[in-house]
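Asks: So the sequences go chain by chain: X and D.
Note that my numbering numbers the first sequence so that position 61 is 61, with each residue one more than the last.
Note that my numbering numbers the second sequence so that position 252 is 1252, with each residue one more than the last.
Note that these hints are calculated values from the structure, not bench results.
You may find that some hints are simply not true.
[Stated by the list, open to error] Quick list of in silico lysine-lysine cross-link-like pairs, DSBU-like style, CA-CA up to 30 angstroms:
1) D/Lys1152 / D/Lys1241
2) D/Lys1152 / D/Lys1125
3) X/Lys87 / D/Lys1047
4) X/Lys8 / D/Lys1199
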Amino acid sequence: MTDSVKDKVIAIIAEQAVLEPGDVTPEATLSDLGIDSLGLVESIFAIEEAFDIQVPFNANEPDQSEFDISSVAAIIAAVEGLVAAQKGA
Amino acid sequence: MRRVVITGQGTINALGQDVPATLEAMREGRCGITDLELRDVDRLSIKIGGQVKGYDPEALFNRQQIALYDRFTQFTLIAARQALDGCGLSFAGELAARSGVVLGTAGGGVNTWDENYRTVYEEGKNRVHPFVVPKLMNNAAASHVSMEWNLKGPSFSVATACASSNHAMGLAFQLIRGGAADVMVTGGSEAMLSFGGIKAWEGLRVMSKDACRPFSANRNGMVQGEGAAVFVFEEYEHARKRGAQILAEVVGFAMTSDAADIVMPSKQGAARTIAGALRDAKLNPSDVCYINAHGTGTAANDKVECAAVADAFGHHADNLMISSTKSMHGHLIGGTGAVELLACIMALRDGIIAPTIGYEEPDPECALDVVPNVAREAQVEACLSNAFAFGGFNAVLALRRAP
Chain X
1 MTDSVKDKVI AIIAEQAVLE PGDVTPEATL SDLGIDSLGL VESIFAIEEA
51 FDIQVPFNAN EPDQSEFDIS SVAAIIAAVE GLVAAQKGA
Chain D
1001 MRRVVITGQG TINALGQDVP ATLEAMREGR CGITDLELRD VDRLSIKIGG
1051 QVKGYDPEAL FNRQQIALYD RFTQFTLIAA RQALDGCGLS FAGELAARSG
1101 VVLGTAGGGV NTWDENYRTV YEEGKNRVHP FVVPKLMNNA AASHVSMEWN
1151 LKGPSFSVAT ACASSNHAMG LAFQLIRGGA ADVMVTGGSE AMLSFGGIKA
1201 WEGLRVMSKD ACRPFSANRN GMVQGEGAAV FVFEEYEHAR KRGAQILAEV
1251 VGFAMTSDAA DIVMPSKQGA ARTIAGALRD AKLNPSDVCY INAHGTGTAA
1301 NDKVECAAVA DAFGHHADNL MISSTKSMHG HLIGGTGAVE LLACIMALRD
1351 GIIAPTIGYE EPDPECALDV VPNVAREAQV EACLSNAFAF GGFNAVLALR
1401 RAP
């Protein structure tokens, strides 16, 4: 399960950044990968669709969001948490 | 040069169903943002808005009219009737030919789209009402105003997202100043508070779930509103000769494009537009005491707008007042500049500056006098009204006290 969440999130971010999944490293930030605010909102939408979850995120206060977007690894961990909480997995 | 004055005003919005009620609410700093009442609200994550409550279209329009008038057209006609009934003009002959209507709306008949998509997609019906197209088209409101008051001059609708009304009023001003018309009915309307209209905005993740707090450090997004405001713009000599009541003078207008980003605002674009409006109006920065801000309550807009005002006004930025009445009536999208012009006219005529309510924490990036929470008295000779739309289209109007 964990690996598949990680792979799917990386695939979504890679597609948004127009990179190969192998080039998306866990420690990278979205701005390292060239993803801007619209790209972020689109990535979150793709994550919600892929995992059938609700991601709490307000673009006006990204730092106060429960959804940590500080790095690729943080996003993966946050998605794992939401999947566990919302899908009971 | 022909001068342009405002000789009529009308409105319906979340603060009131006419101008006196709206201005009273602005003076008192009352909030018109409430829990939304609409179908399937439980499926929305945003459940608040500046919704017009206690509104009964059947009391105002007959069945045939309601079949043709989307909610945005109804709002327009209500506001137009107040503006035109009070202004003392009747349109016939040459005056009718020299009078037109230009109105802003971003979405047009959003409720009509929404209801009829339900009919064909959700309910699976294969037939819709025959008037769907004339009801939903963006120019429907302007067209019905032209028919109701016999306006036969230049007439059209403008859709530039959140700047629609300011563009419409700016063009009305230019048409009169340039000699193409003597009277223009202008302003704008929006009725986007439907399930689909809110769901679309939710997607961008820029909406607040609790309040619109422009310029406050803890602001967390915009809140949609609905309604209309309509004005009568008239050539000054025409108005003077007939002894019309003059509410204010429109002295300048500027519009620019950022040519940069589809949603992010630009400080340079906004500053360039403000400076252009001052130049067009032949105003010195120090003549301006008040700006009605675009002030959406998003993180991005408010800091960029304050930086643009600081750029355009230099040290005078610290002396002027800038408030966002969206904190009270919400963001009427394509109708917002029109409702906000009411606050500008109140500042010029009554010397009362509408406040920015919901202001809780100073933001160093918005370090201007935003007239927090409480209205203020001030003698205002000239003011600006800002609108900076998605798509990078900017429109700023400059007004002066009635001559």
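Asks: A separate judgement is required for each hint: does it hold in the structure or not?
Replies: Okay, the hints, checked on the actual structure:
1. Between D/Lys1152 and D/Lys1241, the direct Cα distance comes to roughly 22 angstroms. Compliance with the 30 angstroms bound is thereby established for this hinted pair.
2. A hinted pair counts as satisfied when its Cα atoms are at most 30 angstroms apart, and D/Lys1152 with D/Lys1125 does not qualify at roughly 39 angstroms.
3. In summary, the hint linking X/Lys87 to D/Lys1047 is supported, as the alpha carbons are separated by about 25 angstroms, within the 30 angstroms threshold.
4. Of the supplied pair hints, the one linking X/Lys8 and D/Lys1199 holds, its CA atoms being roughly 26 angstroms apart against a limit of 30 angstroms.
Violation of the numbered hints given earlier is confined to hint 2; every other hint is satisfied by the structure.
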